[in-house]
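Engineer: Start from the sequences, fold in the hints, and give me the full structure.
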Amino acid sequence: MADEKIFLLGDEAVAQGALDGGMSGCYAYPGTPSTEIMEYVQASKEAADRNVQREWSANEKTAMEAALGMSYAGKRAMVCMKHVGLNVAADPFMNAAITGVNGGLLVVVADDPSMHSSQNEQDSRFYGKFARIPVLEPSGQQEAYDMARNGLAMSEKFGVPVMLRLVTRLAHSRTAVKRSSVVKENGLQLPSDLHQFILLPSMARKRNKLLLSGQAAFAEAAEKSPDNKLVISPGADRGIIACGLAYNYVMEVLGGNAGGNNLLKISQYPAPVEKIRKILDHSETVYLFEEGYPMLEEQLRGLPPEHIHIRGRMDGTLPADGELNPNLVAQVLGKPYPKGMTIPSIVTGRPPSFCPGCSHIDVYKALKVALAGYGHGRVFSDIGCYTLGALPPYDTINSCVDMGASITMAVGAADAGLIPAVAVIGDSTFTHSGMTGLLDAVDKNSNILVIISDNSATAMTGGQKPAGLDKIEQICIGLGVKPGHVRTLIPLRKNHEDNVKVMEEELSHEGVSVIVARRECVRVTAKRKRLEKQSK
Amino acid sequence: MKKDIILSGVGGQGILSIAAVIGLAAVKEDLFIKQSEVHGMSQQGGEVYSHLRLSSNPIWSDLIPEGIADMILAVEPLEALRYVNYLNPEGWLITSTEPLINIPDYPGPLSITSAITGIQNHILVDAVKTARDAGTTKAANMVMLGAASPFLDIREDSLINAIQKRFTGKGEAIVEINTEAFRAGRNIAIQKK
Ligand SMILES: Cc1ncc(C[n+]2csc(CCOP(=O)(O)OP(=O)(O)O)c2C)c(N)n1
Chain Y
1 MADEKIFLLG DEAVAQGALD GGMSGCYAYP GTPSTEIMEY VQASKEAADR NVQREWSANE
61 KTAMEAALGM SYAGKRAMVC MKHVGLNVAA DPFMNAAITG VNGGLLVVVA DDPSMHSSQN
121 EQDSRFYGKF ARIPVLEPSG QQEAYDMARN GLAMSEKFGV PVMLRLVTRL AHSRTAVKRS
181 SVVKENGLQL PSDLHQFILL PSMARKRNKL LLSGQAAFAE AAEKSPDNKL VISPGADRGI
241 IACGLAYNYV MEVLGGNAGG NNLLKISQYP APVEKIRKIL DHSETVYLFE EGYPMLEEQL
301 RGLPPEHIHI RGRMDGTLPA DGELNPNLVA QVLGKPYPKG MTIPSIVTGR PPSFCPGCSH
361 IDVYKALKVA LAGYGHGRVF SDIGCYTLGA LPPYDTINSC VDMGASITMA VGAADAGLIP
421 AVAVIGDSTF THSGMTGLLD AVDKNSNILV IISDNSATAM TGGQKPAGLD KIEQICIGLG
481 VKPGHVRTLI PLRKNHEDNV KVMEEELSHE GVSVIVARRE CVRVTAKRKR LEKQSK
Chain W
1 MKKDIILSGV GGQGILSIAA VIGLAAVKED LFIKQSEVHG MSQQGGEVYS HLRLSSNPIW
61 SDLIPEGIAD MILAVEPLEA LRYVNYLNPE GWLITSTEPL INIPDYPGPL SITSAITGIQ
121 NHILVDAVKT ARDAGTTKAA NMVMLGAASP FLDIREDSLI NAIQKRFTGK GEAIVEINTE
181 AFRAGRNIAI QKK
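As they're listed, the protein sequences go chains Y and W.
Numbering follows my numbering, with no gaps: position 424 of the first sequence is 424.
Numbering follows my numbering, with no gaps: position 35 of the second sequence is 35.
FYI, nobody ran anything at the bench for these hints, they're computed from the structure.
A virtual CB, placed ideally from N, CA and C, is assigned to each residue, including glycine.
Errors might be hidden in some of the hints.
Said to hold, decoys possible - Short, incomplete list of chain W residues facing chain Y, as computed with Cβ under 10 Å:
1. Lys34
2. Ser61
3. Arg82
4. Ile103
5. Ala189
Structural biologist: Given below as structure tokens:
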């Protein structure tokens, strides 16, 4: 295995790295740009042979907790999510820093600066700092592999979870990666202190002190890490600090070396303060390139003596938002590329759209008719393919905030007198975090209609198997929705009239109604047929 | 050797397949490669592109800087024009002529053709017809790969081997059609070059 080179996405490099680092369990909920990590583990023959745990979880919080449970039992685990997923998992994440780990625990978070497929561009490094744990930020796919592989051991060594932060352009770019030897998985082994994971205040205080006393060791490791590389060029007055992927853009622009500048690459946090001091000492102006928020820049602006100038996102040298790219870096470093052609004005945008034959189309067509008598502005929706109902010609929904928010926002709006309020939510989103909101609605008998547009897939992220497959009605009834008001329909054009009627009936019902509109995602159907044909 | 290529098309048109084949061939020739892809939301009928970088020296950035690309290889003409800001003035724009019209304000065919022919080095290929002649319109992406191949500095047999490797799981007939589509595209480009 060793020395073999394989062509991998950044996400896949992380997956292979963790497998080679002795991972016994991978836990995740899909989300761009992190999805391909778990998909790689699921497709891996080695993972199957070793029986590595590799099932999708219902959401990021359950994934994080399961990973922590595996760590408790002494084995190495990885949990993967997109950046907003860490908001969902924030409670176990923050507290896992206090419990510490037994088996190594790697928390992989893929950020999406420029919001290619996301609601925001939050920077997960802040979460790492918030939890006071080491954070690794690879600059390329090889580092992603190495850091995933070694991060599990690092977590065990320091006794805390370690975060690995990716960004879209690294997660979704492919290159050759060299594998190292495979570390053997840990055996089942309980923590030496069986109280370690009990965060009763008295014990949590002790654990917290332990976490605090570990900070010096984390800082020293970052200071010594070869991934935090400092080059001081004789006579240079310009310093460049580049974090993670931004380092590659800087090297691209400078032609593969420091180019006579002082250059500090940062890929491991807490930030290496001594190295930063050194580059500040040797530079008059320091440029900061960070993918995401100006986290380090904010810290640095408090540090230097007045004669040192800090340049970055906070003084307008770089844009305050959006991802970096080589052209931006080149412009700032005074080495602009020749200007390309202007894009002709006839080039119009081509936004994503529903696939032909998609079941969500029929849901929205029926809902539009059923709602016609009630007036606009009462449909709370959620995140998934069905969010495309916001675009013309459907233009039916009025919100998309965070997974699960459709039902709870409808509850609040109904409380305010917007009656009936409607929630449109996908099946995977419903089991991710809609169920608890539905329980709220049942408890207060909210006057809302919940439409679960159930395509029996987590379609937006590639059609993964959803947690509640074929259990949606049972779940709703179990949560207390009256069985007579849990209706199922098949969203097909030929059923349009009947479906409108069901929606009208449930809109006029006072209390909680659920309509499960079920028809399989056309892409999933097509994929299954393709596979069936191939295996014949 | 250094080639920076923007691949573009609409979600579902198989541009990642083109990238994968070039990638396989380039690995065989011991080139360094970086290939950035678009996953997620835009794959549903939206704009999809890939930055493909090949070089005999190590490559740093996953993204191609604007203004320096050697080629735009597109399976859809509007999508070819969307990225001309990346192309260097001597670079080649190679695109299929078949429009995929899934938006209400799709520009007229004449304005698209005149914008493309306004670019110094361009090759227009009726990839859908060529692919149909080879056996299936689904191979239009391999026609376009063929059309790009004379400019790639990768040996023809490396590319053909890569096509065979890529499609072998789908049966011999599919391999044959895709190889044929590639050859037809290559011939068109050689004539027009
Ligand atoms: C907290 C969080 N996790 C993951 C995602 C990524 N994500 C967006 S939509 C989606 C799938 C939704 O599936 P479903 O509700 O079944 O709707 P479908 O796409 O199938 O229509 C996922 C996983 C996200 N936006 N937020």
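Engineer: Can you verify the interface hint for Arg82 of chain W: is its Cβ closer than 10 Å to any Cβ in chain Y?
Structural biologist: Status holds, d = 5 Å.
Engineer: Quick one, is the Ile103 of chain W hint okay against chain Y at 10 Å, beta carbons?
Structural biologist: holds, 5 Å
Engineer: Quick one, is the Ala189 of chain W hint okay against chain Y at 10 Å, beta carbons?
Structural biologist: violated, 21 Å
Engineer: Can we keep the Lys34 of chain W interface hint, with Cβ of chain Y closer than 10 Å?
Structural biologist: holds, 5 Å
Engineer: Return the status of the interface hint for Ser61 of chain W: holds when the least beta-carbon distance to chain Y is below 10 Å, violated otherwise.
Structural biologist: It holds, given that the least Cβ distance between Ser61 of chain W and chain Y is near 4 Å, below 10 Å.
Of the hints listed earlier, the one the structure fails to meet is number 5.
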